[in-house]
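Undergrad: Here are the chains, one letter per residue:
Number of protein chains: 4
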Amino acid sequence: MITHYSSTDLDDHFHDECGLCGVWNQSEASNYVYLGLHALQHRGQESAGIVSWGRGEQHGGAGSLFHHRAMGHVNEIFTQPVLEELPGSGAIGHVRYSTAGESHLKNAQPFVVDYHSGQLAVAHNGNLVNAKTVRKELELKGSLFRSTSDTEVILHLVSRSREKTTEDRIIDAMSRLEGAYSLLFLEPGRMIALRDPHGVRPLCFGKVGESWVVASESTSLSLLGGTLIRDVEPGEMLIFDTDHSEPRSLQVFPKQGNGHCIFEHVYFAKPDSVIDGHTVYESRRRMGMQLARESGVPADVVIPVPDSGVPASIGFAEEAGLMFQMGMVRSHYIGRTFIEPSQRVRNFGVKLKLLPVKDVIQGKRVVVIDDSIVRGTTSKKIVDMVWAAGATEVHMRISSPPTVSPCYYGIDTPRQQELLANRFSIDEIREYIGATSLAYLSLEGMIQSIGIDGKEFCHACFSGNYPIDVTDLEYSDDPQLSIFSALNNTK
Amino acid sequence: MITHYSSTDLDDHFHDECGLCGVWNQSEASNYVYLGLHALQHRGQESAGIVSWGRGEQHGGAGSLFHHRAMGHVNEIFTQPVLEELPGSGAIGHVRYSTAGESHLKNAQPFVVDYHSGQLAVAHNGNLVNAKTVRKELELKGSLFRSTSDTEVILHLVSRSREKTTEDRIIDAMSRLEGAYSLLFLEPGRMIALRDPHGVRPLCFGKVGESWVVASESTSLSLLGGTLIRDVEPGEMLIFDTDHSEPRSLQVFPKQGNGHCIFEHVYFAKPDSVIDGHTVYESRRRMGMQLARESGVPADVVIPVPDSGVPASIGFAEEAGLMFQMGMVRSHYIGRTFIEPSQRVRNFGVKLKLLPVKDVIQGKRVVVIDDSIVRGTTSKKIVDMVWAAGATEVHMRISSPPTVSPCYYGIDTPRQQELLANRFSIDEIREYIGATSLAYLSLEGMIQSIGIDGKEFCHACFSGNYPIDVTDLEYSDDPQLSIFSALNNTK
Amino acid sequence: MITHYSSTDLDDHFHDECGLCGVWNQSEASNYVYLGLHALQHRGQESAGIVSWGRGEQHGGAGSLFHHRAMGHVNEIFTQPVLEELPGSGAIGHVRYSTAGESHLKNAQPFVVDYHSGQLAVAHNGNLVNAKTVRKELELKGSLFRSTSDTEVILHLVSRSREKTTEDRIIDAMSRLEGAYSLLFLEPGRMIALRDPHGVRPLCFGKVGESWVVASESTSLSLLGGTLIRDVEPGEMLIFDTDHSEPRSLQVFPKQGNGHCIFEHVYFAKPDSVIDGHTVYESRRRMGMQLARESGVPADVVIPVPDSGVPASIGFAEEAGLMFQMGMVRSHYIGRTFIEPSQRVRNFGVKLKLLPVKDVIQGKRVVVIDDSIVRGTTSKKIVDMVWAAGATEVHMRISSPPTVSPCYYGIDTPRQQELLANRFSIDEIREYIGATSLAYLSLEGMIQSIGIDGKEFCHACFSGNYPIDVTDLEYSDDPQLSIFSALNNTK
Amino acid sequence: MITHYSSTDLDDHFHDECGLCGVWNQSEASNYVYLGLHALQHRGQESAGIVSWGRGEQHGGAGSLFHHRAMGHVNEIFTQPVLEELPGSGAIGHVRYSTAGESHLKNAQPFVVDYHSGQLAVAHNGNLVNAKTVRKELELKGSLFRSTSDTEVILHLVSRSREKTTEDRIIDAMSRLEGAYSLLFLEPGRMIALRDPHGVRPLCFGKVGESWVVASESTSLSLLGGTLIRDVEPGEMLIFDTDHSEPRSLQVFPKQGNGHCIFEHVYFAKPDSVIDGHTVYESRRRMGMQLARESGVPADVVIPVPDSGVPASIGFAEEAGLMFQMGMVRSHYIGRTFIEPSQRVRNFGVKLKLLPVKDVIQGKRVVVIDDSIVRGTTSKKIVDMVWAAGATEVHMRISSPPTVSPCYYGIDTPRQQELLANRFSIDEIREYIGATSLAYLSLEGMIQSIGIDGKEFCHACFSGNYPIDVTDLEYSDDPQLSIFSALNNTK
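Residue numbers (this note's numbering), protein chains in the order written: chain C, 1 to 491; chain W, 1 to 491; chain Z, 1 to 491; chain B, 1 to 491.
Just to be clear, a hint being listed does not mean it is correct.
Same chains, same names: a pair is fine if it fits in one copy or spans any two.
[Stated by the list, open to error] Result set (DSSO-like, lysine-lysine): computed pairs, CA atoms no more than 27 Å apart in a straight line:
#1 Lys136 x Lys207
#2 Lys106 x Lys164
#3 Lys207 x Lys381
#4 Lys255 x Lys132
#5 Lys255 x Lys164
#6 Lys380 x Lys207
#7 Lys207 x Lys255
#8 Lys380 x Lys255
#9 Lys141 x Lys455
#10 Lys164 x Lys381
#11 Lys380 x Lys164
#12 Lys380 x Lys141
#13 Lys106 x Lys136
#14 Lys106 x Lys255
Derived from the structure by calculation, the hints contain no laboratory data.
Kindly generate the complete structure, drawing on both the sequences and the hints.
TA: Quick look at the structure:
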C-alpha cells in the first residue's frame, strides 16, 4: 500500500466532486439544465453555474454565450428571472463541491473565456493529475491564471493549440493532460462532450423528445422524462451542432476503461441512476446481501444509517432472513454529511440529523448498516445513539471495504491521518466506535455485487492501487513526497 | 356526513399547523429552544420565532423579554448572532405553517405584548373555533387587533381579565374560548403550558438534566438528549417559575380527552415521536400490517411513497410476505409536499422530488403505499411514474381511510372540492389515478392499529364527526354556511 | 432655567423627529406619497412606511388598506414592485428617525390596526407629553401594547371612544392627549389630517391637479409639481373623503398657536420649504445678516459649514461686505450629521464628510458660520481643520442662540450633560473649540429674522420656556425628576 | 472637427472614469485605502475593490495578496469584517464607473492574476486606445480573456514579457500600449505607480506619517491627514518596496505632458483637490469670473446648479457685482447625475434632486450657472423650474465651452447624437432649453482661468483635437468608422 499522504496535504486546489448537465436542441435549454442539475445536486452543493448559447437580435450571426454562476444550491441560484437571462437552444451546467478553503466563486464553473476563435465555456468533473506541471509550463510562456482550478489549464491549452477546429484543439489540449475528466464544452453553435480514456467519472447521454441531454448520471434524464441511450465511452467525444440532428461520435483517445470509480456505486451516485449499465440501487442491495453472507450475525433487527445505507440494509435483511426497520429517522432540513465543508458543521450535523425510534431498538440485538466509515466520529455517535435507545447488542456492518487511501481523481477525501482504517485494525476501530462487532464487505465481494469485471474499476481508495500516475506530485520539494513518488513509480 | 365546505372557503385566517417548544431553568434556554424547534421543523416551515426571558444589568428586577421572529426555516433565522440577542434562562418558540395568503410576519408567533402587568408572550398550536365571535365582541369594547390570527384573541382576554394572577387570567381567558389549543406562555419569572380539555394537539414535557422542556412532540426531547416524562393532560396547566424546582400541575378544565387528532399518528408527527403513549413509527407499521390483512393483493414488490409511506410499507410487506424495496428515490433538497403553501409549488415539487428505481419496478406487480390521498394529483403522477418505469400492475394502498372532511382544529386541509374522496367513489378515484387497484385502510383498522380507544380520537377528517362545535360559522352570512351551521347543530 | 434632565434620561421611547405625507384622489397615490416622502427624507432616515387604500375585485365594498414598512431610506424600501403592492387612490406615509435603542421595526409607522369599525392607519409627527400616563390607564383597562411609541395610545383611545364617526372618535381621543402632534389618518374611504392646537410641528396642504396632498413641509408639494394652499391651522382637522371634492375643515380644538417650533426654521426644515408663511432659506439668510450686525468682525472670507450653514453665511457675508466662499467641501455619500443614531458614527462622519479647500483659507482671517453647537465635538474638529488649512484667525459665528434645554415635543436632542452651552460660558466654549472668537445670534435677533411674533414660537431649546407642560414626568419615582417636576410646575 | 461617432457607438467596453488609491508601509494599509477611496467616490460609484499584501504565518516567505471586489459604494462594500480579511502593509484600491451594459463584476478592479512570477494585481484609470488591436494579437497567440476591460491586456503583456524584473516587464508591456493610463500595481513586496507620457489622468503622491499614499486626487491625502508631495510626472514610474524607505523614481517614457484632461478641472475632480499644481475650486471660481467678463448680463441674482456650479457662480457674482444665492436646493439622498448608468435614472434623478427656493427667484432676473450642457435635457428642466418659480428672465451661463466631441481617454461621454452642441447652434440650444439668453465660456478663457499653458491640455471634448491617435478604430468594418479613421489620420 502506497499513499500515505492525502490530497488535502498535497494540494488545496484540485479534488472536487462535481456534476454536469448539457442540453442541446431545446428552446428552453437553460431550464432543462436547471432541472438536470437539480437531480445532480447531491454531487455538489457549494456552487452552481449555467452557460447558454442564445441568438438574439442584438447578437447577430452565431450569437453569444450567457452565463450565471453563484455560491449555493441550484434552486436558490436559478430563480425564474435568472433563467430568463440565459436564453438559447444549447446550455451546459455544473454543480460543485470543494474543500472549505477554496469554495470561492472564482473557482465556480462553467468557466467562460474569450479567445481567438470567440467564446468558449467548459464544465469539468474529475481531477487532472498533471495540471500543476502543465500550469507551470504555461505560466512560463506567459499565461495568466485567474482560478486555482485544474480546469483552467484545459482552456489555456485549447487557446494555444494551432489546430483548426474547436474539436481538434480540445483533442490537442487533452492529449497533454492526464487524469479524470468528464467534460462539457459550449461555444456558439456547438456543444462537445468528452470522457477520459480511463472512464473515471461517469457521463451518459440520452434524448428528451428531439432534445439531447448529456449528464453525469442518468437521474437527470429520468427527471426530464427522457430516455438514457448509453454511457459516453472512455475516450469518446460527442459533438452536437446545428448542422447535424444526431451527435457525431469520435473515439479520440484509445479506450482504456480501467478506471471506473467504484465509489460512485458504493456511495456517491443516486440510487436510481444507471452507471456502467448497472442500477446503483440494485448494486447496493446486492452488497448488503453479500455482506450478510460474509459477516452474518444472529440479531433481531437490521436498521440502516439513512439514507445511503438503506439499499444495503434491505439486502442484508433479505439475505439474513432478519426484520428490516427504519430505526433512525432523518431530519429533512439538513444537507448530506459527506458534502458539507467544515468539520464543525459535520459534527453539528450528526446531532441534528438522526434520531432513533426507540420502540424499534429497545431490547433488541441490532445490526446497523452504513456504507463506509471515514473518520469514525459519525459512526461512534450513531453506535452511542443505538445503545442509548436500549439495544442489547450493536453489530456494525459496512457495505464497502475499509477506506485506506485518498482519491486523486476528483472525490474529496479526508486527510490520511483522519482515515481511521489506515491507522487502526478493525478491532481497534470496533472498540473506538463502541460496537459489539464490526465487519466490512470484502473488495472481491463488493466487485462481485456490482457484476462488472474488477479490472474495469478504480478502487484505489480501498486498495491503494492507482490506475493513473499522479505526475504533479513529482514536482514537490517535500521529501515525503519524493518517497511517495518513488513508490508510485514502482507501482 | 356533514361538512361540505372547507376551512379555506369559510375563513382564510385560522387553520395553521404549528409546533411549540419551551425551555425552563437552562442558562442557554434560547439555544435549547432553537434545537427543539429544529426537531419540529416538519410542523411548520414558513416562519419561526423565539422569545426569551433574560435578566441583564440593564434590566433590573424581573428582567425583560427578548424576541425575534422571521419568515423562513429555523436554521436560517436563528444564526448564532441572533441567538446571542436572546439571553436568559427561560424561552418559548414556535414554528408555523399557514395558507399562502396569510404567510405574513405579523401572524408569526410567539406574540409579545405589554399590558397592565408587564410583558407577556404566547405561542399557540391549534385553532380556536369561536375566536371570530369573541374578536367581534372585543372590538366593540375597544380592542385593537394587529394580526389575523385567532391567537391574538387570547392575549386580549388575558389583558381584560380582572383576575389577580397570570395563571388565573389565562384560565379566565381560555374559559371563554373553544377549540384546539396547546399553549405556551412566557412572562418574566414564569412559563406556563396549557392543553385544551379535548387534547386535540399534542403537548408533552420532560427533563434535560435540571432543565424542563415542553414540546409539541417528544422528538424535541430526544434531540436535546432528555427524558420524556409524559403528555400534558387535556385541560392541564403546568406552571414553571423561579420559586419552585418542579412545575406545578393544575387541572384547570375538566379533562374530556375525546379529541386527540388521529391525523398526527397517520401523517403529521415524526415517526420517532411518542404521542399519547404510542410510538408513531410502530403505529404506522401496524397500519400497514392491517392494510395488508384488509386489502392484500398478489404482487412482487411493495414500495413506499417516501418518506411518510415507509413504515406502513414495511408493515404491509412483512404481513403480506412480500419483498419491500425503495422503488422511488427522494431528492433531499426540496421540502415536504404537504407543507408548502401554493398549489403551483406542490405540483412542481412532485416532479422534482421523486424518481423511480427502474430495476425495482420493471416487469413487476407493484404495491405502492401512501399515507393519504388528498387532491389526487400527486397520486396520479406517482402511479404514472410507476407504470412508466415498467410495472405490470400498480396496486395503490392507502394507510388511512378516505379524507372526506376539512379540519377546523389546526391542520390546513384543502378546499372541500379538492378533496377527491368527497366527490368520487373509490373506483372513480382508482380510475382517475390510473391504478390497477386501490384500497384504503378502514377507520376501525386504523384505530385498532394505534391501540387507543377510538372514543379518545378526533377523526373528523375521515368521518365528519366533529367533537367540538364550530361557533364562528354561525356568524357568516353565506347561505351555504347557514346550511352547514344547521347541519352542524344537529350533529 | 429649568430642565436639567434630557429626554433621553427620562424616557428612551418617545422623542422622534419625523415626516408625513398624505395623498388623496390620485390613482397612483402611493407613488405620489413615495415622492413626497423622498422630499422629506431629511426628517427621518431610519424607517419609512406607506399605507394605501385600494378597492380591488377581491375587496368588495369599501376596499382594504395595504401597507409596507421597513428600516432604511425611502428609495431603498419603496422599489417599483413594492409600490405596485400598494394600490389605490388614497395613501399616507411616514419617515422616522429615533434614538438608537428604539430603531425597531415595531415602532415604524404608519401603524395599521383592526378595530370595531374596520381598519385604521395613523402616522404621527411630534411627541405626546402625557402618553405614558394615559398608556398606564389604558393598560389597567385591558389594552395590549405592541410598540413603545406614544402614537399607539392614540389608536387605543380612538378604538375605545363611544363616538359614532371616525372624526369624532379622533377628536375624543386627542382631547385626552397633550403635546405636539401633526397626524394623518387613513381608513377605507377617508383621509384625515389634524394638527395640535399649539401648532408645534409643521403641516401644510395643497393641490396637484385634482389630487390633494398633505405634508410636513411644502417641499413635498414642490417636488410633486403642486401648489401650496396653506398650513393646516393649529387645532384644525381636514377631512378628505369620497363624497366631497374639497376637504372639509373643522376647528376641533381652539387654536393656541403658541408653540411653533423655531428650530424647524433654524435647522430642521429644508431651505426651500415655506413654513408659517416664511421661506426657510430667507429666514436663515436674514439670521446671517442679523448675526453680522450683532457680532461682526474684521475678516477676509466667510465660509459655511455645509450644507446647513450656507444661507446664513451668504447673509453674513452680504451684510458684512465680506467675500463668501465654499471653504469646505462636503462628501455626497454620507448622510446628515444630526440624524445618525450613534455617537461613534457621528465622529466618523465628521472625518469623512468635510474637507477644506486650502487656497480659500490659507493666510486668511476666516469667519466660519454654523447653525448650532450641540456637543461641541464637531465644531472643535471643524475649527481644527480650518487652522490646519492655514487660517490666521478663525471666528466662529452661530446663527442661533446657545442650545441649553432638551426638546420634549418631537426633536431628538442630546443628553443634557452633552449640551455644551448648558455647562459652560461662551468663552469656555470658545476655548474648548479653539476659535479666535465665538458669538451666537441672540434670541431676539433670531425671532426678528424670521419675522413672526415671538409669542407664536416654542423656543424652549434656547430659552427653557416650555409652552406645554410635560405630564409624564410627574409619574416618575426618580428623585431628580421630582425636582424637575416641581420646577416645571412653577414655570 | 473630426469625431462624429461617439465612444459608445464604437465600443461598449472601454471608457470608464475611475479612481485609484495605493498605500505603502502602513500596518493598516487596507483601512487607509478604504478611506482614500471614500474621498474618490465621486470618480466611480458602480464597483470598488481593494487588494492587500499580507504576510501571515500561513503564507511563508513573501506573503500573499488578499482581495475583495463588489458592485456598490465603498462604504457599503468595505465593512469592518471585510477589511479585516485584507491584512498587510501595502494595498491598492479602485472605484469604477462604467456604462450600463458593462457594469459587471468581472470588469471590477483591481484585477489579480497568477503568472510565472507569482501574483500580480493592477488598478487602472484611463483608457487604452489600441487595446482592442493588441488583444486580437494576443488572442491569436493563445491568450484567454475573462473581462471586456482594456486593462486585462496590460496583464497579458506583462506576463508574456521576457524581461527579468516586474518593473521591466511593466515597461515592456506599456511600451506596446497607447492611450491614457494612471496605474497602480501590487505584488508581494512591491507597489508600482505609473502615469502615461501624456499625463491624461491625474495621479499624485504624498506621505501620511511614515506611510506613502498614491492617489488619483489629493483629496485622498487630505482625508488621511497627509501631505501632498507632487503629481506623478507623465511617463514617470514610482517603485515602493521593502528594501527602500523612499520610492524610487524612473522616467520610463519621455514626458510629453500634452494631454492633461481639462475636464478634470471643469467638472470631474473634487473642488478641494490640487491637480497640476492648481486648486480645482479656485480654477472654477476664476472660470466664473472670466465668464462674467465674457458674457455678463444685467440681472438681480446669480444662482448655481448645485453642487458643481457653485464655485463658478460665486466667481461670476463677485466679478459682476451681483448677489449670489442658493436658488436651488439639492437632495442629499441621491447620487450625482453624471455618474448614474441609465438614461431613465438620469431623468428621474433630475426630478428628485433639485428644488427651487421660490423667494430667491420670484420676480427676479436670474443668472443660472452650470458647468456644462451635455444632452440638454437636464438644462431644459432646470430652466423650466426657474421660470416656474417666478423668474422674469433666465440667463443660462456655462462655465466651459460647448461639448462637441466624445472622450476616448477614460471619461464616459454620451453618444455623439446626444451631444447637443454638436448638432445645434448656441441659439438653437438656447431655444431648446427655453432660456432668455445662453452663453458658454470660451476655450481660451477656460485655459486662462486655470493658469496653465494651453498646450499641456487635452481639450478634445471641446475642440475635437485629440493628442493621442485612436488606433482601435482603424480595425472597424463600419464605413462610418473608416471615414472617421481617415479623418483621424489626417489630424
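Undergrad: Under a CA distance limit of 27 Å, which applies to Lys106 and Lys255: within one copy, between copies, both, or neither?
TA: Classified as neither; 33 Å inside a copy, 39 Å across copies.
Undergrad: Classify it for me, Lys255 with Lys164: is the Cα-Cα distance of at most 27 Å met within a copy, between copies, both or neither?
TA: within (25 Å within a copy, 45 Å between copies)
Undergrad: First find the shortest C-alpha distance between Lys136 and Lys207 inside one copy, then the shortest across copies, and answer within, between, both or neither for a cut-off of 27 Å.
TA: So Lys136 and Lys207 fail the 27 Å test inside a copy (41 Å) and across (39 Å) alike.
Undergrad: Is it within, between, both, or neither for Lys380 and Lys255, if the alpha carbons may be no more than 27 Å apart?
TA: For Lys380 and Lys255, neither the intra-copy (43 Å) nor the inter-copy (44 Å) Cα distance is at most 27 Å.
Undergrad: Measure nothing new, just compare the shortest in-copy and cross-copy C-alpha distances for Lys164 and Lys381 to 27 Å and report within, between, both or neither.
TA: neither (58 Å within a copy, 50 Å between copies)
Undergrad: One pair to classify: Lys141 and Lys455, alpha carbons no more than 27 Å apart. Within, between, both, or neither?
TA: Classified as neither; 40 Å inside a copy, 43 Å across copies.
Undergrad: Give the relationship of Lys207 and Lys255 under a CA distance limit of 27 Å: within one copy only, between copies only, both, or neither.
TA: within (24 Å within a copy, 63 Å between copies)
Undergrad: Cα distance capped at 27 Å. Does Lys207 pair with Lys381 within a copy, between copies, both, or neither?
TA: Answer is between: at 21 Å across copies they meet the 27 Å cutoff, but 45 Å inside does not.
Undergrad: Within a copy, between copies, both or neither: where do Lys380 and Lys164 come within 27 Å Cα-Cα?
TA: neither (58 Å within a copy, 53 Å between copies)
Undergrad: Indicate which option fits the pair Lys106, Lys136 if close means a Cα-Cα distance not exceeding 27 Å: within, between, both or neither.
TA: both (19 Å within a copy, 25 Å between copies)
Undergrad: Between copies, within a copy, both or neither: which fits Lys255 and Lys132 at Cα up to 27 Å?
TA: For Lys255 and Lys132, the Cα distance is within 27 Å only inside one copy (25 Å; across copies 43 Å).
Undergrad: With identical chains treated as interchangeable, where does the CA-CA distance between Lys380 and Lys207 reach 27 Å or less: within a copy, between copies, both, or neither?
TA: between (45 Å within a copy, 24 Å between copies)
Checked against the numbered hints above, the structure violates hints 1, 2, 8, 9, 10, 11, 12, 14; every other hint is satisfied.
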